[in-house]
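When you get a sec, could you build the whole thing from the sequences and use the hints?
Quick note: the sequence shown, position 230, residue 233 per this note's numbering, numbers continuous.
All clues given are correct.
Subject to a maximum C-alpha distance of 25 angstroms in a straight line, what follows is the list of computed DSS-like cross-link-like pairs (lysine-lysine):
{"no.": "1", "residue 1": "K87", "residue 2": "K146"}
{"no.": "2", "residue 1": "K186", "residue 2": "K39"}
{"no.": "3", "residue 1": "K39", "residue 2": "K111"}
{"no.": "4", "residue 1": "K110", "residue 2": "K39"}
{"no.": "5", "residue 1": "K195", "residue 2": "K110"}
{"no.": "6", "residue 1": "K195", "residue 2": "K111"}
{"no.": "7", "residue 1": "K195", "residue 2": "K39"}
What follows is a set of in silico ranges between Cβ atoms, one per label pair, in the way DEER data are often shown:
{"no.": "8", "residue 1": "K87", "residue 2": "F28", "range": "17 to 27 angstroms"}
{"no.": "9", "residue 1": "S192", "residue 2": "S10", "range": "51 to 61 angstroms"}
{"no.": "10", "residue 1": "S10", "residue 2": "I61", "range": "26 to 36 angstroms"}
{"no.": "11", "residue 1": "N182", "residue 2": "A234", "range": "17 to 27 angstroms"}
{"no.": "12", "residue 1": "E45", "residue 2": "E196", "range": "17 to 27 angstroms"}
{"no.": "13", "residue 1": "G73", "residue 2": "Y188", "range": "38 to 48 angstroms"}
{"no.": "14", "residue 1": "P157", "residue 2": "A47", "range": "36 to 46 angstroms"}
{"no.": "15", "residue 1": "Y71", "residue 2": "N182", "range": "28 to 38 angstroms"}
Simulated from the structure, these hints should not be mistaken for lab results. For every residue, glycine included, the Cβ atom is placed at its ideal position computed from N, Cα and C.
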Amino acid sequence: MWPTLISFGPISLHSFGVLVFLGLFFGGFKLWQRAKEEGWDEAAVMDSWLFAAVSSLIVGRLGFIFNYWGEFGGSVYKMIFLTKFPGLSAEGAWLGAAAALLILALKKRFDFWHFIEAAVPALLIVEIFSRLGSFLAGTNLGKAAPAGLGLTFPGIDQPRWPVQLLWALALGLIYLLINYWEKHYRSFSWAKEGFLAAVYLILLGGLKICLGFLEESSAFGGWWGAGLSLAGGLILIFRSGITIKAPAVKAKEPKRKKGGFDYV
Numbered sequence: 004m005w006p007t008l009i010s011f012g013p014i015s016l017h018s019f020g021v022l023v024f025l026g027l028f029f030g031g032f033k034l035w036q037r038a039k040e041e042g043w044d045e046a047a048v049m050d051s052w053l054f055a056a057v058s059s060l061i062v063g064r065l066g067f068i069f070n071y072w073g074e075f076g077g078s079v080y081k082m083i084f085l086t087k088f089p090g091l092s093a094e095g096a097w098l099g100a101a102a103a104l105l106i107l108a109l110k111k112r113f114d115f116w117h118f119i120e121a122a123v124p125a126l127l128i129v130e131i132f133s134r135l136g137s138f139l140a141g142t143n144l145g146k147a148a149p150a151g152l153g154l155t156f157p158g159i160d161q162p163r164w165p166v167q168l169l170w171a172l173a174l175g176l177i178y179l180l181i182n183y184w185e186k187h188y189r190s191f192s193w194a195k196e197g198f199l200a201a202v203y204l205i206l207l208g209g210l211k212i213c214l215g216f217l218e219e220s221s222a223f224g225g226w227w228g229a230g231l232s233l234a235g236g237l238i239l240i241f242r243s244g245i246t247i248k249a250p251a252v253k254a255k256e257p258k259r260k261k262g263g264f265d266y267v
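Dropping the structure here:
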């Protein structure tokens, strides 16, 4: 659509790189605001965010290279220059960021669930900007769409489903919902910290299952979505204080043989 925003001779600003940077900036700002409100160590929180960003980019890039190995032709130059040859595996990027945040939350001894809930809106901001960047760069394409329903991308013959825009729109709605529940879910007597993380995973997994049917590179999209939703469901159960008890089975009393004068 618009892979290059501005060019100054040999220097170019690519839309994908710019939007990923903006997502990381605004997501980090959101997390920093929360850290300031809660009185956390702001430097430690932002260090964790930067580490998660680097981990996300590395794992996401490796996932994209693995999925589209033929397009790189073994060129290390193409693999390294993310802005000129854009593309991230959404699943890999998410996994890299989530794993880094979980590890650092434990290592730095943050209030675990409190910190994870604060990170959820920040992650959503990055995801929204990344999907918009993919749309402008023409990466992470959807499958071929019927005439009149798809969009034509540069270098692609057939119109494709604009799944990047659908993702960005749906993630925006989830972001609004998470912000709303962040202020109200504590009024639920059964809900504990971790509720927002559970809802986020359930909705993200459901979204992956639904939009996976329209994505070109989604061989394991359904399994990935099901795994996220399952993880969210388990967190919701265990953080709600609900206990699942197996039904008690009464042991049968052994029958007593009657004696000669036993009339009971």
